[in-house]
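Asks: Read left to right, the sequence shown gives residues 1 to 170 (the numbering used here).
Just so you know, the hints here were simulated from the structure itself, not pulled from any lab data.
Don't take each hint at face value.
As a list, the in silico SDA-like pairs of lysine to any residue whose alpha-carbon atoms are at most 20 Å apart [as the list claims (entries may be wrong)]: (1) Lys14 with Asp42; (2) Lys99 with Cys64; (3) Lys89 with Gly49; (4) Lys99 with Arg124; (5) Lys138 with Pro58; (6) Lys39 with Leu93; (7) Lys89 with His132; (8) Lys138 with Gly162; (9) Lys99 with Ile12; (10) Lys99 with Leu53; (11) Lys14 with Leu40; (12) Lys138 with Pro50; (13) Lys89 with Phe133; (14) Lys89 with Arg130; (15) Lys99 with Leu40; (16) Lys99 with Phe31; (17) Lys89 with Asp137; (18) Lys99 with His132; (19) Lys89 with Pro58; (20) Lys99 with Val44; (21) Lys89 with Thr134; (22) Lys138 with Gln106; (23) Lys138 with Lys39; (24) Lys138 with Pro119; (25) Lys99 with Glu48; (26) Lys138 with Leu150; (27) Lys39 with Leu97; (28) Lys99 with Gly49; (29) Lys89 with Glu48; (30) Lys138 with Val44; (31) Lys138 with Leu84; (32) Lys99 with Pro58; (33) Lys99 with Asn76.
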Amino acid sequence: MSTTAFPADALIAKYNRPGPRYTSYPPATQFSPDVPADKLLDEVRDGEGPLSLYLHLPFCESLCWFCGCHTITTTNRSRADVYLDDLEKELTLFTPLLKPARPAAQLHFGGGTPNFFTPAQLDRLGAMLRRHFTFEDKAECSVELDPRRLTREHVEAFARMGVRRASFGV
C-alpha cells in the first residue's frame, strides 16, 4: 500500500478552512461604520469604469434548509410591489450621483429567490433598470433561482432583462 498523497488531498488541506460567503465581496466582516458619508459619496461620484450591479430580491415562499441569506418568507406577492416601489425611490436618489457615461457590465439577481417575483413584477424591474442604467452590449447578467417554483414565464421575463446564466438552489 502506497503512502503517496493524492493531488486532491493537497487541495482539501489547502481549502479546508472557513472563508467568506461567495455572495459577499468584500465580505461583510470588512464593512465599517467608520467610513465617513462624504468619503463614500466622493467614491460614488468619482468612480471610474463599468458598474457591477447586485440586486438582492429577499423573498421566498419557503426557506431552504441550507440558506444563509437574508430572506423574508411569505406567500404574499404584493410584498414585492412594495419592495419595487422602494427600489425605484432609491435608484431615483442614487443614480444621479453616478457619472452618466458609466455603463453596467454586470448584473446579478440573488435573494431570497428572484423568481418569487411574478413575471409582471420582473418586467417592471427590468424597465426600472433600463431607465436608470445603460448596459454594455455584452453585459454579464445572471440570476439565482428556486427550480421548485420556476415557470417558463419567469425564464422569459429574465431573458427580456438580458439574463443569460442561472444557478439553481435547493
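Asks: Compare the structure with each hint and give your call.
Replies: Structure-based check of each hint:
{"no.": "1", "hint": "Lys14 with Asp42", "in the structure": "violated, 39 Å"}
{"no.": "2", "hint": "Lys99 with Cys64", "in the structure": "violated, 39 Å"}
{"no.": "3", "hint": "Lys89 with Gly49", "in the structure": "violated, 25 Å"}
{"no.": "4", "hint": "Lys99 with Arg124", "in the structure": "violated, 24 Å"}
{"no.": "5", "hint": "Lys138 with Pro58", "in the structure": "violated, 27 Å"}
{"no.": "6", "hint": "Lys39 with Leu93", "in the structure": "holds, 18 Å"}
{"no.": "7", "hint": "Lys89 with His132", "in the structure": "holds, 11 Å"}
{"no.": "8", "hint": "Lys138 with Gly162", "in the structure": "holds, 9 Å"}
{"no.": "9", "hint": "Lys99 with Ile12", "in the structure": "violated, 44 Å"}
{"no.": "10", "hint": "Lys99 with Leu53", "in the structure": "holds, 15 Å"}
{"no.": "11", "hint": "Lys14 with Leu40", "in the structure": "violated, 36 Å"}
{"no.": "12", "hint": "Lys138 with Pro50", "in the structure": "holds, 12 Å"}
{"no.": "13", "hint": "Lys89 with Phe133", "in the structure": "holds, 15 Å"}
{"no.": "14", "hint": "Lys89 with Arg130", "in the structure": "holds, 15 Å"}
{"no.": "15", "hint": "Lys99 with Leu40", "in the structure": "holds, 15 Å"}
{"no.": "16", "hint": "Lys99 with Phe31", "in the structure": "violated, 24 Å"}
{"no.": "17", "hint": "Lys89 with Asp137", "in the structure": "violated, 26 Å"}
{"no.": "18", "hint": "Lys99 with His132", "in the structure": "holds, 12 Å"}
{"no.": "19", "hint": "Lys89 with Pro58", "in the structure": "holds, 17 Å"}
{"no.": "20", "hint": "Lys99 with Val44", "in the structure": "holds, 9 Å"}
{"no.": "21", "hint": "Lys89 with Thr134", "in the structure": "holds, 18 Å"}
{"no.": "22", "hint": "Lys138 with Gln106", "in the structure": "holds, 9 Å"}
{"no.": "23", "hint": "Lys138 with Lys39", "in the structure": "violated, 32 Å"}
{"no.": "24", "hint": "Lys138 with Pro119", "in the structure": "violated, 23 Å"}
{"no.": "25", "hint": "Lys99 with Glu48", "in the structure": "holds, 8 Å"}
{"no.": "26", "hint": "Lys138 with Leu150", "in the structure": "violated, 25 Å"}
{"no.": "27", "hint": "Lys39 with Leu97", "in the structure": "holds, 13 Å"}
{"no.": "28", "hint": "Lys99 with Gly49", "in the structure": "holds, 10 Å"}
{"no.": "29", "hint": "Lys89 with Glu48", "in the structure": "violated, 24 Å"}
{"no.": "30", "hint": "Lys138 with Val44", "in the structure": "violated, 24 Å"}
{"no.": "31", "hint": "Lys138 with Leu84", "in the structure": "violated, 26 Å"}
{"no.": "32", "hint": "Lys99 with Pro58", "in the structure": "violated, 28 Å"}
{"no.": "33", "hint": "Lys99 with Asn76", "in the structure": "violated, 37 Å"}
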